[in-house]
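Enquirer: Chains as they are written, first to last, in the numbering used here: chain U, 1 to 114; chain A, 1 to 257; chain H, 1 to 608.
Careful: at least some of the hints might be erroneous.
Mimicking EDC-like on lysine to aspartate or glutamate, the simulated pairs with C-alpha atoms at most 20 Å apart in a straight line are [unchecked claim]:
#1 H:Lys533 / H:Asp467
#2 U:Lys99 / A:Glu92
#3 U:Lys99 / A:Glu175
#4 U:Lys100 / A:Glu243
#5 U:Lys99 / A:Glu246
#6 U:Lys100 / A:Asp115
#7 U:Lys100 / A:Glu35
Keep in mind that the hints were calculated from the coordinates and are not lab data.
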Amino acid sequence: MSFLPFAVAAWLFAVGLYGIVTSRHLIHLVVCLSVVQSSTYVLLLAIGYRTGASAPIFVEIPPGAPAVDPVVQALTLTDVVVAATVSALLLAMAVQVHKKAGTFDPDELDTLQG
Amino acid sequence: MSLRGRRNLFALGVLGFSVLFLWGLNGLPAFGHYEGVYGITLNRVAVTQRHATNLVAAVTFDYRGFDTLGEEFILFAAVVGVAILLRAQRDEAATPDEEDEETKDESRDAPHTSDAVRVLGLALIGPTVLFGLYIVAHGHLTPGGGFQGGVVLATAALLVYLTGEYVALRRVSPESVTELAESVGAGGYAAIGFIGLLTGQAFLTNVLPLGMTGQLNSSGTILLINLAVGVGVAGGFSLILAEFLEQTLLVREREHG
Amino acid sequence: MSVLLPLSVVVPLVAATLLMAASRAWNRRGYDVFAIAAAGSVLVICIVLLFNSTREPMVYWFGDWSPKDGVALGVSFVAEPIALTLATLAAFLVTASLVYSWHFFDTVGNLFHVLMLVFLGAMIGFCLTGDLFTLFVFFELMSVTAFSLAGYKIEEEGSLQGSLNFAVTNSIGAFLILSGIALLYGRTGALNLAQIGESLAGGPADGLVITAFVFLIAGYFVKAAVVPFHFWLPDTYASAPTPVCVLFAGILSELGLYAIARVYWTMFDGVFGAGLVNLRAVMVGTGAVTAIVGAVMCWPQRHIKRLLAFSTVSHVGMFLVGVGLFSPVALAGTVVYLVTDGLVKGSLFFCAGILLHRLSSVDELGCDGLGRDIPYTGILFLLGGLGLAGLPPFGTFVGKAIIEEEAAHLGYSWVTYLVVAASVLTAAPVLRAGARVFWGYGPGDAYGHHSEAEGDEGEPETSEARDITPPLMWVTAAALLGVSLVAGMIPDLSIRLEPAADFFLDRGAYADLVLRGVTPHEVPLPPGAPLLKGAVIGLITALAAVFAAAMGLWHAKLPASMKGIIAKGLGPPFGRLRALHSGHVGDYVAWLTVGVAVLGGLLAATIG
């Protein structure tokens, strides 16, 4: 059981990639990219977890008391911001692609061959 | 490549990828038994050193504050990028003039707001702003901070749109103000870093009084940076929301040239 | 002096926010002057830091959190000559691009300038940081800015698709890097490069270390555009605005390779030490494949910016060979090659931008002879082509010669042939296109029956009169070429870089500096190697490129039997290779996945 959280991270990464590769709609593709990104959240937070420890908020517990790793949480925060911004940019691109090409289907976007 | 070909190629790739990933994950310490020296050291020393009880905030805004400066600028760059990507094209015009039947496109209008949504939304705007400010200001004490609180504040802008109209949103948060907030947030973060430089210490060093641990007025620069980030994030997200709403509601292809 | 280190990143970032805040107060010329002044001052800062660092490398801790007992609590910058050489190149190219943009699209006010400044800050932070996660943050900052800049021309379908492909593939690369960072953090409990290196050195090279390494280099391979992670690059470069292309081709791809060298030598050198020979084979092999694929794809392009994009892929392959040889001499040579080649490529892109301004097109066949009125641009363009080939005294020949020599020392004597072949195949189409566009050589309808990728669809990037070339446009093109030429004439350029490369590769000395504040002792300059052989090879390469370009122009006059052999022998594989560059983001991601799997398999088999 102790391997399960890590396996979830691998699964999310792989399944998100599958979604991107087979996507027929750019919005769907952007969401699949977010799925890949969630893999990194799960991985980071799972690594820093310590059984029986509290959150790294030392309001009701003394400094030095067992707490989970605060660094991975800070890294995840950065990761979340990156996810939001990249999604916003990709969605903006998708909107404009749709205006120009009249489709969201990657299969029908073919101006860049060769 | 055909969908079939692509899928086969990917199947080969992802098989190897998954084996590799699982092999790597297998080398990690067992789940729940992590003993990393970085986190444990910080858990021991940070409250004393920085008088912040939320260690995630201490890491984000002080020990690794330079990363977060970069992160704030990621948001800044993305907002500028969205503004560039969603600017009006040459054959488009933003037409806030809803009376103009020529360019009116019913399907893209905001759905008519019911009274229930209106009342509930209006009632929520105040508490949402207050909650956002609370989250921003207490980031060094309890979970939260500038990023989280800033997003809550931007939600208030979304509530304005839901209850009133897009035009009302523009009135309460005109582009010039959100743009300024965005720049002040990101620039303010850097400016706080300069306080250290001016006193002859390293960039982003805290030289302010640390205050009493657990009090609102404590932790020196962490509190200040949280406020700057809160302003920047609120401005940035409002701007992104407004850009997308404008695309949906206002931008029309210009007819007859 | 140390105060300049944070300023090198903070100055452009703060300048960007000021520019944004002043958006309504200033006019276009105000933005231009302010942005150029900001980028120029960063350039000065970088040069000062560079000269200082050649005397003594320096480490800087943000927030004064210097390490306690070998545990880094904060984030560090490490100023050493190789990182600062790249930072200086970045600052120079951004300044030149901003000067060049003086006459550029004025539709979006200041936003373009704002992004360029953020991009500059991101690149410098990426070069200087000594922290694995900060490397990721600034990688993402570069990416987010680059995505927006690549999609700048929203009127063009190709530009939007190119930036979309760019954003999706590079984001997946970033997630790979982050997963690799997570694995390393799980093993070592550290994010500082030096500290991770010390922690890993005592342990085994097991699955976790290999996977983390593969994820990191695969992520950086995406940015550097190494085959098979390269597909996004031509799509993006073909349609991005010219000044942006200059930065992408001149420095952005190269930074991906810099990161590989950095993470290897600070973190993995100790733990992989025994497997270095195998690792070298994998890297040099990957680089060789990239150099060949890029060069082969370069030849059939008629869209000049797409042509230059594929030449970038090919050159990245050669840089990877240099980095992948894992020796200080080769690294010094690669830095020389990379800088001088980046300048030449930048100049070529500027010339392409002038074509776009004057002729509203960069299609080699469509512009046949139309460039006769701008022969000076043509001369710059042809000189650039010869510079790519490595004609002495362009600095490119120095770098190539050192890489070739060192490769032969390490048992890779075929690298010389590879470099010559790739140089000929990438320089020849440039010369061919230049001769056709600016002088009308060769029959216009000779070939081009295949469907062509689009990039720029003739959308003007400029708003001014099209019958003259604004002086700032060709001055910047000439300046870049000139600097590359001068660099080749500085005697012992690479020898001066060698002590820096020695330090770059010395994990112990790096860790001593970062974690314990011990300054490395000075290394004497090695004796200079004569570059005569390299100069001769460069000359031969340039001549061969001219000959190949002539073949391309007049290949209709070849005997029928030879044409038949070319058509039958080369046609089908060429066609298949071209078909792989489908413009479909799903294909690209499938290849990316395969690339990770293959790299992982190779390294697992040879190191694990």
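Enquirer: Next step is simple, just say for each hint if it's right about the structure.
Expert: Consistency of the hints with the structure:
At roughly 45 Å between alpha-carbon atoms, Lys533 of chain H and Asp467 of chain H are farther apart than 20 Å, so this suggested pair is violated. Between Lys99 of chain U and Glu92 of chain A the alpha-carbon distance is near 11 Å, which keeps this suggested pair within the 20 Å criterion. The suggested pairing of Lys99 of chain U with Glu175 of chain A is violated, with an alpha-carbon distance near 24 Å, which exceeds 20 Å. The hinted pair formed by Lys100 of chain U and Glu243 of chain A meets the criterion: a straight-line CA distance of about 18 Å does not exceed 20 Å.
For a cut-off of 20 Å, the pair hint linking Lys99 of chain U to Glu246 of chain A stands: about 15 Å separates their Cα positions. With a CA separation close to 38 Å, the supplied pair Lys100 of chain U and Asp115 of chain A exceeds the 20 Å bound. Simply put, Lys100 of chain U and Glu35 of chain A have alpha-carbon atoms about 53 Å apart, too far for the 20 Å limit, and the pair is violated.
Figure legend: structure checked against the earlier numbered hints; hints not met, in rising order: 1, 3, 6, 7.
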